[in-house]
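S.K.: Line order of the protein sequences matches chains A and B. The UniProt record's numbering numbers the first residue of the first sequence as 1 and each following residue consecutively. The UniProt record's numbering numbers the first residue of the second sequence as 1 and each following residue consecutively.
I should point out that these hints are in silico values taken from the structure, not numbers from a laboratory. What you are looking at is a predicted structure, and each value in this text was computed from that prediction instead of being measured. Among the hints, erroneous ones may be present.
The list cannot tell twin chains apart, which means a pair is met if one copy fits it or any two copies do.
Claimed, not checked - For lysine-lysine, the following BS3-like pairs were computed, each having C-alpha atoms within a straight-line distance of at most 25 Å: (1) Lys307 to Lys233; (2) Lys52 to Lys233; (3) Lys174 to Lys333; (4) Lys174 to Lys356; (5) Lys52 to Lys307; (6) Lys52 to Lys414.
There are 2 protein chains.
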Amino acid sequence: MPNLNPVCALVLLALNFTAAFAGNQTNATLNAEASDPKAMQWMTGFPPLPDKLITQPQSNYFSFPKLRWTVCHIRELLPTTRVSRGIGAPVHLPYALDNGIDDITFTPLGSDTAMTWRESLAANYTDGLLILHNGRIVYEHYSGCLDETGKHAAMSMTKSLTGLLAEILVEEGKLDDQANVTSIIPELAESAFGSATVRQVMDMTTALDYSENYADPNADIWQYSAAASPLPKPADYSGPDGYFEYLQTVEQNGEHGVAFGYRTINTDALGWIISRVSGQNVAHMLAERLWQPLDTEQDAYMTVDGKGTPFAGGGLSAGLRDLGRVGHLMLNKGRYDGHQLFPEAVADNIQAGGDKEAFAKAGYTTLPGGSYRSMWWNFHNAHGSYAARGVHGQTIYIDPTANMVLVRFASYPKAGNSQIDPTSLPAYQAVAEYLVNMN
Amino acid sequence: MPNLNPVCALVLLALNFTAAFAGNQTNATLNAEASDPKAMQWMTGFPPLPDKLITQPQSNYFSFPKLRWTVCHIRELLPTTRVSRGIGAPVHLPYALDNGIDDITFTPLGSDTAMTWRESLAANYTDGLLILHNGRIVYEHYSGCLDETGKHAAMSMTKSLTGLLAEILVEEGKLDDQANVTSIIPELAESAFGSATVRQVMDMTTALDYSENYADPNADIWQYSAAASPLPKPADYSGPDGYFEYLQTVEQNGEHGVAFGYRTINTDALGWIISRVSGQNVAHMLAERLWQPLDTEQDAYMTVDGKGTPFAGGGLSAGLRDLGRVGHLMLNKGRYDGHQLFPEAVADNIQAGGDKEAFAKAGYTTLPGGSYRSMWWNFHNAHGSYAARGVHGQTIYIDPTANMVLVRFASYPKAGNSQIDPTSLPAYQAVAEYLVNMN
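So here's chain A without its partners, still in its complex pose (with noise of 0.2 Å):
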């Protein structure tokens, strides 16, 4: 793809898959320390030599190791709307360092070497690394791109986001999960989502004909990339312009509510959705809900569509802290400052998980015996483990049982987590472990 259409790249990042950029990944042998934006040198000077600069479309800003530097800077190649916090003071988050975790150690996914948790920041290319415990920052690493007061791309835990003001819609009474879509959105009738229940789009249990096959130049994610663009449309384009209209084109293939497929298109639908039901779009429904409540530290941000539609399947960029509000918000189901934020059902129901028979069809490997539900991944594991998870190894990992929240973000060369939750899910586990002694 030496010229991928801009926005292609952020769509591409917001699903599962590695193969898009395999071509561009000539560089993926360069370690966390070698391939730091800081000592790759990227957009410094003034102007930046040429081989240091990162523009759109050329240079292909998604791929490794310029992505290391991208994840931090999307609104300096996109138009963005902003998740705003208000102006009021940030409360900030307690701290009780513990120089302990550093030295914690596990064992990756088939592997038989033990690593310790330090080894893995840079082995998982993180940029930031945040663990709250009891509500208390116990550890705290900032690293290539990204420092305390920065933002990073947030890619496909956006859609966690998405699904979590959906499930509060629900909750509250204003938002029938069991409804079809067509009731609400009646412009999406006769599209495959005009079939499917609102549920089936939030748990991504719907049956949808679109292919993501890179090879084939007129597979639907080249199409919906090109719809999604803001940027202007080329003199002779004919497709759909933006998120909603592209959503009408989707066409079914099998039975709603069989099998887990996940398809970004999904979030943009619960999007819509969203929006119309509320009243407001996505960006300014979190901004209300979770930003200007939870006291953050920062504005977030998400990107638009040429017609200024949030891209609620993966535009969102914000603060590693603000991020670790968010989990432990969910961790405390709902409950912040003395105020409920939304009902506790809310979290319940996430952290329940949802149909595991429907998410084994999808054969994630590295997932065994989970579910997804509500946009949020469910491990099922001994500890009650769920997540937000993004393409390169974003995260919001929540433990109940160690009453934990940790976020990560990174910058990892394949983009597929199943690359590098080997040396994550075990990492994440030990230190719950660790932390559950700690109690």
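Put chain B on the given structure of chain A with help from the hints.
M.R.: This is chain B only, laid out in the frame that chain A set:
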């Protein structure tokens, strides 16, 4: 200009011309109430109706009345870079509201009918109005697209902040304003800037062969706009890419230092000089020198070209009260909260003004006897007032005699300040005289 290059509009807005959009202003007779963006229902609904969409480039988003929405939503249409406030608590400005201000009367220039201050707000399509007196907010008003948590395009007020940064570097001994530009930016040696001094660039007394004849498709303004656009260049584009490349193509016409000539490209050249000298781009230096130490309420942001260079000549969007903080810092000669953020001489120099003779040659009818220094406009009136100014009615107006800072965001249908000055400058003076009597 039915298919105006999307960034052209922004560039044009940084200039002081009304001609550019004359053809679009068929609705210019709509008053402030009728043209309120909420009343117009711009971008409302999911999706907005086709005639309520504001997109780029087809919708000419800077044409009135769409302009009245766009000035609060630049980032949703263009890539931008953050001017970070950091993550500390904002320090809110104290209040001493004075309800008497609304009833102050003044006589507009060229009129013999008095108008009240309150009437002037709608007459000027005011979006935000803040008056600080003795460091306290005595008047605050929001309308149109703006509220206290929002941001508004600063247009060419951006130039004054860029000029302030340069003046700071001069007074700190890091930038010699008598040096030739070539000695700092060798890449500009062959351009008109190469033979100018830094001071001539700062005061816009360079003699540039730069045409803003909008009827000529080969006029420099179009080439500048095309170069500055952050959007991917057309396949057949072979011109300069970005501000820095464009500046190298500007040729000289006449003798530097003789006449004031308002050309945005001077500010972009100054932004390059600032960056080379300081090692920071203008957005980063604004953050470090102003937004963070001033305990601002909101991040600001700047549009960028396709290489990430902030638009030093017109790209800033900011909150109303945060620009009030900047004005108050000027009034207090760089002192804030017990700290001297820049040498007193910085503000003294700007307040003293520039070369009146050079300024007179430019023929600004509403600014007789004025001057321009370090990208600030000086009225040389009895109160020693000076201002940052931007098209469509933007101003930071500083009156040292009245110890008053007045910030106005507006979306006046016509771009040129000569249209809006008659109901503005006498109004500012009347408020200043009222406040002087309060001292």
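S.K.: All hints are to be evaluated individually against the structure, with a verdict given for each.
M.R.: Verification of the hints:
Taking CA atoms no more than 25 Å apart as the test, Lys307 paired with Lys233 passes in both settings, with 12 Å inside one copy and 21 Å between copies. Within a single copy, Lys52 and Lys233 get their C-alpha atoms only as close as 28 Å, which misses the 25 Å cut-off; across copies the closest is 19 Å, which meets it. Taking the shortest Cα distances, Lys174 and Lys333 sit within 25 Å of each other inside one copy (19 Å), while across copies they are farther apart (55 Å). In the homo-oligomer, the alpha carbons of Lys174 and Lys356 never lie at most 25 Å apart, since the shortest distance is 27 Å inside one protomer and 65 Å across protomers.
With identical chains, the CA atoms of Lys52 and Lys307 are at most 25 Å apart between copies only, with a shortest distance of 10 Å across copies and 32 Å within one. For the homomeric pair Lys52 and Lys414, the shortest alpha-carbon distance inside one copy (21 Å) is at most 25 Å, but the shortest distance between copies (41 Å) is not.
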